[in-house]
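J.: Letter by letter, the chains look like this.
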Amino acid sequence: MAERALRILPQKKSTRIAWAASLGLSLLLLSLPWLVRLDGHPHADWQQFLGRFHPLAVHLPNGLLVLLPLLEVAGSMRPALREAAGFVLALALASCLVAVSLGFLLAYGGGDAGTGVTRHLWGGVVLTIVVLMCLLARPHRYAQGAGYAYPVLLACMLIALVWTADQGGSLTHGSNYLTQYMPAGMKRVLALGAVPSASFYARHIHPILDANCANCHGDGQAKGGLRMDSYELLMKGGQDGPVIVAGSSSKSILFQRITLPPDHKQFMPAEGKPPLQSEEIAWLKAWIDQGASPTLTKLLGVTIREELPAAHIEPVGDYSALMPEIQKMEQGQGAKLKQVSANPSDGMILFTVDAASTFGDAQLAQFQKFAPYIVEAELGRTAVTDASFDTLKQFTHLRALHLEETKVTGAGLPRLASLSQLSYLNLSGTQVTAASAASLNAIKSLRQVYLYNTPAQPAPAASRAPQPKEKNAP
Amino acid sequence: MKQHPLCTDTEHAANVLDLAIPVQVKQEWAELQTRRHFLGRAGKVLGWAAAASLLGDRALLGDNYPAAGAAGGDLLKLTNFAPKAKRAIYLFMSGGPSQVDLWDYKPNLAAQFDKDLPDSVRGSQQLTGMTTGQARFPIAPSHWGFKRYGQSGAWVSDLMPNMGRIVDDLTIVKSTNTEAINHEPAIMLMNTGNMNAGKPCLGSWLAYGLGSMNDNLPTFMVLQTKLNTAENNQPVSSRLWSSGFLSSEYAGVGLRSSGDPVLYLTDPNGVDREVRRKMLDAVNEINRQTYEELGDPETNSRIAQYEMAYRMQSSVPELADLSKEPQSTWDLYGPDAKEPGTFAYNCLMARRLAERGVRFTQVYKRGWDMHDNVTKILPIICQETDRGCYALVTDLKQRGMLDDTLVIWAGEFGRTVYSQGGLSQDNYGRDHHPRCYTTWMAGGGVRPGITYGETDDYSYNVVKDPVTVRDFNATILHCLGIDHNKLTYKFQGLDQKLTGPVPASVVPGLLA
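Residue numbers (the numbering used here), protein chains in the order written: chain W, 5 to 478; chain X, 6 to 517.
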């Protein structure tokens with residue numbers, strides 16, 4: 005065992021020099037973050053100028069280091085590729101050193117600090133040292149057939165590479181860059197996603213800051229000592245003091261800097277990132293002016309549409325073969341079945357207004373054959389009764405159902421539970437009660453339910469006097 | 006199956022081109038044409054023939070509407086994409102409501118009473134003959150205060166306390182602007198997309214493009230509000246609901262504000278419904294023969310209109326019978342609504358028409374043309390309209406109809422910030438102002454609770470997000486599922502459309 009360990013120690017003088025140089029370089033790399041500390045203050049412009057080439061330069065070692073193991077594996081079949089691997093490894097080391105240097109200049113010159121930057125920096129340093137060790141171990145693997153040091157190092161290198169690249173990507177694009185558009189089901193499996201909260205800050209302000217600011221002012225980096233990834237940190241401010249003055253957007257540095265002309269040196273978001281949208285600026289202004297509260301749920305002057313996800317819409321199937329029958333049906337009883345649009349998969353609407361008084365359950369039952377193609381049924385003021393629900397429950401693609409001023413009662417409503425796409429239900433002027441309407445809670449897709457002029461109607465709020473929110477003398 | 010005008014043309018083209026028809030028949034057909042018919046058709050026929058040989062059958066029909074009979078009769082009537090609104094109610098405020106006094110709040114103006122409007126604001130604008138001779142243009146701040154309402158915090162004049170209650174349902178457009186500065190061209194432009202008379206109006210285009218939801222009532226109806234002589238009224242004529250070069254089937258049908266809603270709809274003494282039916286059958290037969298001989302599509306329109314009138318004999322009395330409206334209706338629309346022809350009555354009637362599947366209802370309210378005496382007239386007209394507009398939007402909303410009904414409130418232009426004629430602390434006048442005026446929409450397809458566009462400190466020029474009349478109309482069509490570039494009709498060598506040949510665009514900022 006000891007003999008075996010000895011065998012990989014340097015034998016020749018030139019090799020010894022190489023080992024010594026490598027050791028020195030590694031120590032230098034390891035001590036760099038201690039020698040020149042990232043203090044969160046920007047430094048010389050030339051450092052930033054060079055530093056900004058880091059994102060450019062960093063892709064070369066990335067590519068080479070992924071290529072390297074592939075060449076080694078392929079080299080077992082084609083020796084020429086194995087020879088090339090040595091060159092690629094040397095080149096990768098050189099480009100690693102360049103990328104690390106530029107990265108350090110970027111962080112130090114640009115005044116970056118924070119755990120994300122620190123992690124990325126250490127990742128880069130460790131990766132470079134591992135690559136250096138690969139370079140030393142490789143000749144032993146092939147010249148002396150010594151052990152598994154080289155393959156193990158290669159595996160370590162790949163792990164370090166992926167981890168460091170992920171840290172760097174999060175700094176540039178944000179930590180949710182890869183997961184933002186992940187399918188919802190996949191997110192659920194991976195247990196990703198934020199905890200919803202009702203406050204205006206949580207629903208609207210935090211997401212704006214998170215998307216536009218937290219890359220540089222967050223967990224990863226904290227430029228200017230400012231972090232905006234939580235309410236407390238945001239209000240605490242940066243090294244120059246608070247950035248938000250509750251109650252006055254004009255005195256708040258944050259607001260001043262996002263509303264400068266975009267070409268201004270102080271403009272935020274910096275580095276050519278897209279400016280905030282006028283709507284987002286308006287929300288921030290209203291939120292700050294009205295006290296920058298973490299708990300307030302509504303702001304005067306700000307209306308934000310309900311963010312209920314749009315009901316899932318499924319296109320209907322092909323019904324072209326049924327067209328002759330549809331026409332015959334129309335001529336027979338006066339009700340009309342019309343395409344929603346020129347696109348047949350948008351489905352059809354059932355209009356009955358022409359024949360309302362004579363259109364009853366029996367007439368509706370005749371449309372059973374076309375049920376899966378009907379997306380909206382206008383049955384208001386017709387003679388349909390609760391018996392119609394047995395037909396209606398087969399309208400699997402129904403999105404809007406009008407039953408206003410009909411004889412239906414609440415008793416039939418549970419039978420609509422199978423309509424998974426129903427988002428609009430009008431029961432105005434029927435005898436539906438609050439108790440029976442409760443069964444509608446089972447239909448998750450419902451967005452609008454109208455119970456005007458029914459026993460279920462909530463107490464009238466219409467007779468209120470106009471209530472201006474803010475007075476202004478003429 | 007109703008004949009689409011476009012298809013009628015191609016049919017004739019096909020007949021003439023068909024070599025299997027004996028020569029004498031073709032001659033007879035040609036002789037039956039009047040000179041105008043002949044000249045009118047000959048060009049088209051040659052054009053169709055050339056186009057057909059070059060492009061094949063599809064070219065004749067265009068790609069916006071599928072060919073007749075492709076999948077069934079009425080399929081010619083289709084939207085281009087799934088619409089948000091099925092129908093629209095357009096409250097037209099004829100005369101030009103003052104945006105300065107109603108919607109476009111400018112608190113800084115109070116301090117500038119009787120100061121001259123800076124020349125830089127007016128620029129090189131040509132004014133109307135009514136104020137161009139004025140020595141100075143003194144700023145007239147609004148006589149009334151404004152308040153902020155609702156979650157949206159929109160500013161509304163104290164003249165319209167009821168409108169304040171529904172601002173969160175409105176899409177207020179402060180940056181509407183027009184090219185016309187006088188009533189007739191401006192009102193034509195708003196209604197037909199062209200300052201010159203003769204083009205089809207918005208309602209006709211919708212009737213043509215969307216077709217009817219209820220065969221017992223016209224697709225497009227017009228309600229005029231009774232004249233109030235205390236106001237300054239400009240004439241409103243049937244040119245505004247004309248179908249232009251579209252078939253006259255698509256013209257607006259007016260309901261009278263007093264007496265019988267439609268004249269001669271009741272059966273004359275001694276003529277019962279059955280006799281009327283027999284008479285109509287005979288007339289229709291004669292018309293059908295005329296059509297077969299001459300092939301004028303207007304003959305078919307006439308047949309359709311006789312039939313519509315017959316069906317309206319029962320549908321209109323039911324429509325106009327308000328006895329079944331509950332007390333809550335009258336509480337909402339106010340006591341005016343009981344009197345036929347008032348604005349509130351027309352708003353209620355517009356809701357009833359919408360319930361009965363009428364695609365497009367246009368309510369006209371005249372009297373907004375206040376060149377002088379604003380402080381006396383404006384409260385009168387606001388008193389008359391504020392409650393009705395509020396009641397209509399509220400009523401549609403509580404009945405679940407605002408989701409698929411688009412309500413539009415607009416005049417043909419706005420009014421100047423400077424006073425026309427004498428300015429005193431108590432009174433002033435305002436001239437026509439095309440450069441900016443405020444309109445609003447509510448309901449299906451538009452985004453509630455927003456104010457779109459900004460004007461300068463004098464409510465004179467648009468400084469952000471201008472909306473031209475073309476864009477305004479394109480947006481309305483969009484809400485109803487129509488691509489304004491695809492709803493076309495070939496006439497005088499052009500693919501005519503509501504928005505005209507100058508490019509127009511749907512305003513995405515207004516859409517839900």
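No lab work stands behind these hints, which were simulated from the structure alone.
C-beta atoms are modelled at their ideal positions from N, C-alpha and C, and glycine is treated no differently.
A hint or two may mislead.
[To be verified] Reference excerpt, derived from the structure (chain W facing chain X, CB under 10 Å, subset only): (1) Leu303; (2) Lys340; (3) Ile353; (4) Asp365; (5) Asp394; (6) Leu450; (7) Gln452.
J.: List, from low to high, the hint numbers that the structure doesn't satisfy.
T.: Checked against the structure, the hints that fail are numbers 4, 5 and 6, while the rest are satisfied.
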